[in-house]
Structures are given as C-alpha cells and as structure tokens.
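Chains A and B, in that order, give the protein sequences.
Here this note's numbering is used: position 40 in the first sequence is 40, and no number is missing along the way.
Here this note's numbering is used: position 40 in the second sequence is 40, and no number is missing along the way.
By construction, these hints were calculated from the structure, which means they are not laboratory data.
Everything hinted at is true.
One-sided excerpt, in silico: chain B residues whose CB lies under 8 Å from chain A: (1) P61; (2) K63; (3) R127; (4) S129; (5) P130.
Within a straight-line C-alpha distance of at most 20 Å, the following computed SDA-like cross-link-like pairs (lysine to any residue) qualify: (6) A:K10 - B:Q65; (7) A:K10 - B:V62; (8) B:K63 - A:V41; (9) A:K9 - A:A50.
Heads up, the beta-carbon is just placed ideally off N, CA and C, and yes, glycines get one too.
So you can see what is in the structure, the chains are spelled out below.
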Amino acid sequence: MSEIADKVKKIVVEHLGVEESKVTPEASFIDDLGADSLDTVELVMAFEEAFSVEIPEDAAEKIATVKDAIDYIEKQKAA
Amino acid sequence: MGIVSPLGLGLEHNWSRLIAGESGIGRIASFDPSDLAAHVAGEVPVGPTEAGCLTLSDWVPVKDQKKMDRFIHLGLVAATEAVEDSGWKPESEEDRCRTGVMIGSGIGGLQTIYDASITVHEGRARRLSPFFIPSALINLVSGHVSIKYGFKGPNHSVVTACATGVHAIGDASRLIMLGDADVMVAGGAEAAVCPLGIAGFCSARALSTAFNDAPEKASRPWDRDRDGFVMGEGAGIVVLEEYEHAKARGARIYGEIVGYGMSGDAYHITAPAEGHEGAYRAMQAAVRSAGIAVSDIGYVNAHGTSTMADDLELQAVERLFGDDAGKLAMSSTKSAIGHLLGAAGAVEAIFSILAIRDNVAPPTLNLDNPSTESAIDRVAHEAQRRRIDVALSNSFGFGGTNASIIVRGV
Numbered sequence: 001m002s003e004i005a006d007k008v009k010k011i012v013v014e015h016l017g018v019e020e021s022k023v024t025p026e027a028s029f030i031d032d033l034g035a036d037s038l039d040t041v042e043l044v045m046a047f048e049e050a051f052s053v054e055i056p057e058d059a060a061e062k063i064a065t066v067k068d069a070i071d072y073i074e075k076q077k078a079a
Numbered sequence: 001m002g003i004v005s006p007l008g009l010g011l012e013h014n015w016s017r018l019i020a021g022e023s024g025i026g027r028i029a030s031f032d033p034s035d036l037a038a039h040v041a042g043e044v045p046v047g048p049t050e051a052g053c054l055t056l057s058d059w060v061p062v063k064d065q066k067k068m069d070r071f072i073h074l075g076l077v078a079a080t081e082a083v084e085d086s087g088w089k090p091e092s093e094e095d096r097c098r099t100g101v102m103i104g105s106g107i108g109g110l111q112t113i114y115d116a117s118i119t120v121h122e123g124r125a126r127r128l129s130p131f132f133i134p135s136a137l138i139n140l141v142s143g144h145v146s147i148k149y150g151f152k153g154p155n156h157s158v159v160t161a162c163a164t165g166v167h168a169i170g171d172a173s174r175l176i177m178l179g180d181a182d183v184m185v186a187g188g189a190e191a192a193v194c195p196l197g198i199a200g201f202c203s204a205r206a207l208s209t210a211f212n213d214a215p216e217k218a219s220r221p222w223d224r225d226r227d228g229f230v231m232g233e234g235a236g237i238v239v240l241e242e243y244e245h246a247k248a249r250g251a252r253i254y255g256e257i258v259g260y261g262m263s264g265d266a267y268h269i270t271a272p273a274e275g276h277e278g279a280y281r282a283m284q285a286a287v288r289s290a291g292i293a294v295s296d297i298g299y300v301n302a303h304g305t306s307t308m309a310d311d312l313e314l315q316a317v318e319r320l321f322g323d324d325a326g327k328l329a330m331s332s333t334k335s336a337i338g339h340l341l342g343a344a345g346a347v348e349a350i351f352s353i354l355a356i357r358d359n360v361a362p363p364t365l366n367l368d369n370p371s372t373e374s375a376i377d378r379v380a381h382e383a384q385r386r387r388i389d390v391a392l393s394n395s396f397g398f399g400g401t402n403a404s405i406i407v408r409g410v
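Generate the whole structure from the sequences, applying the supplied hints.
In structure tokens, the structure reads:
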C-alpha cells in the first residue's frame, strides 16, 4: 500500500473511531463506516490539512469511499 | 437524578461529600491562570469512575467528544445518571413522544467559540470544524440527550444566566402540568472555567481574588471577608414525571415540585435591587403557587454567591419569613462547589430534595464571621440534622432574572 493510502486510512480510523480492518478501499464513509454528512466534511478538511492539498467542494462531493479519497489525493500529488 | 460537580461524579458521592463539609474548590488546573486576577475555581475531578471522578470516555465515545463543547459532555454525564436512576427507558413510540428534554446552560460553548475565533482570525476560516456551531449551541445538550435515548417529546432549552437551572426544572414541570409531556428530563450544564470565562467575570469584578493562596476559603457566603464568587463547572439533571404516571410504573420518587415562582428586577444588568425585592417576589410567587404556608418551609438553599448581594437575599428571606425566620435553616452550597452558573439552580434543587430525604441541612463553609446578624440559622461549617419537609431553592441571574422553586417529600 502506498504511503498516501496508509495515511488516509489512519485519518479515517482516527476521525470516525472505526476499526482499522473495516477501512478497506471499497468502504463507503457513510454506508459502511458510520459517518454522517458533517463527518465527511470534517474528513475532507483533515485530508486537505494532512496532504497540503485543496479539495474543492464539487470534488469533495464525489469522494464517497476510501479509494476515492486515495485516488484523488494521489492524482493531486502527481500533478 | 444526576450530578457531576467539583465534588465529583454521582448523586450520592456528591451528597455525602457535601454533608461531610468537604470542598471542591482548588487552584485552576485545566489552564494556567497566572495572567488572571482570579486563580481559583471548582473543576470536576478527573480520574476513575469508581472513585467518583470523571473519565469522559466512559460516558461519551472518544470520536464524538470533539463534536461537543465540554458543557455538553458534562450535561450528558449527569443526564445519563439521571435517566438510568429513573429507570424510564420508553420503547413504544407513544411513550417516547410523551418524554421531553429541557436542559439549559448560562453561557454554552465558550471555549469552543474562543478556539473557533482564533481559527478564523488566523485566516483559516475554511478549516473551521463543521461541528463548531452544534458544539457551541446551548440547546444541544437537550438535543444529544434526546438522540441518545429516543425522547421525542418537547425539546427545549433555557438561557437565563445563573437562574437557568431553576427555570429549566420549573418550566419543564409546567409543561407536564399543561399536558405537553408525561416525563421531562430537565436541568442545567455549564463549563465556563476557561480563560475567556474567568477573564470576563474578572472584568466584571465578580470573582474572588483575595484567596488565591487558600482556594478552599474563597467561597464564603455571608462572611464579612467574602470578595466575590468562585466559578464552578458541572451539571445537574432531574427526571420529572407526572405523579400518577410515576406511581403506576412503581418509579422511585425522590420528591415533588410543589411551587415555582419567577420575577424580573427591571433595575440593573448585574446588581440586584434594594432589599432584593425581585427575589422576594419570586419566592412569594413560588409560595403562592405551592399553596403552602411560609412556615412549612424548613430549609432554603440560597443563591448565596459569596458576593455583596448575599445580604440582600438574606433581607428578602427575612422579610418573607417574618416571625418564622428563627425556625429556618438556610445555607449556600456554593461554599463547597462554587457557582455553577447555568447548572447551579439544578444542582441546588437536587441538594434541596436530598435535604428533605435525609432530614439534613448541608453546611455553609467558611462562614466564620457573618457580615450581618440574622435570626436565620445559616448552618455555618457543619451540616445539621433537622426535620425538613419542604425546601425552597433560589437562583438569580444577570439581567435581573429571579427564580424560586419549592420541593416537598412524597
């Protein structure tokens, strides 16, 4: 797993208080990890802070799963 | 009933320490108060639950803690104790809809607002937590309690500064009388022992500053050396229930709310009027609504903040009781826990109910030399065993708001 994926996983575990094993790439923040809409806003902010990236609102709305977040951040970092 | 206060966690733990004459006041530990004029406060002791101390994660899941200011944490702790104690966990939709919540706070999420202000001031407004607003809003204690237990009845909150706790319990009992609910979880929660809270009351010259080196002596209602109140934090919550409803399910009934009175001073934003005539009218209204004789009241839990206003309240109580003043016990439990602002009235109403249950008047600590003599026994230093059938509790707030509640054993 990439360094980015590791860090994303850690942030998700910390913010949503879920077990690490549940944070699979396919896991949906809302459907599988118990987040509500405010939790997802906070998560995106935490990603922005941790990776020094800007995630505009329309992009943030499309980040529904752990993999979505990893892919978006990897693309930003590669750019 | 549930209490978390500077004396610790839990109803009986608080009560036994209070009756033993112990104090919950100390040097402020949650931040360095050196820059401020007042260095003392009553903070909830941190430690194991079994020892009567607070381990927050035992009550509020870690992941949820950052979504709430501390006043909500403390409100949830006391509400959980109260609901568990009451045994009222409605399962049916109908029962849930007949159960409401009315928990207030004087100030709300002050530390949260302070932290958020700094985030915005530093140009990081986009980094502001989405939980900032619901963390700071006063009615969110009621909100969280309703969500936790599924209480779908009236969801309300009171904000009347230091009179909040009494107003919440009084208003909630009125909602039951009016038929809006069968059960109401009511009380107050406060956590303003933070730099902004202490600094604000310091600027208003309201806090004690002369006992920074002897914190336990700082809260000394009616004593000639008193020099201001000591701020405390905590929460007091009761479960109120329509009498027949409680009886039918065999609930443990601690007491009955029999009277409630309110008034406004229309005088000054922080100072009470001459002779505390607003307090007099609030007590008088409570006695009238209870349909009792003043002489039935055996104990008064005074507002008694350890400020100049103590003697004005004393005058108002003397005026109300007249020739019966000599038979009355009146104490200020703020001498042991400080002034819990919006939670004070709720915690003190609970102490009043326990005073009836056990026939004990809790003491006024540090009352070494009363600034005014009175026929009323102010229970200096040590608790007194005496017959108490009916008790009255007073709370007065900035803005000139006064509330009195009368409770009786069942």
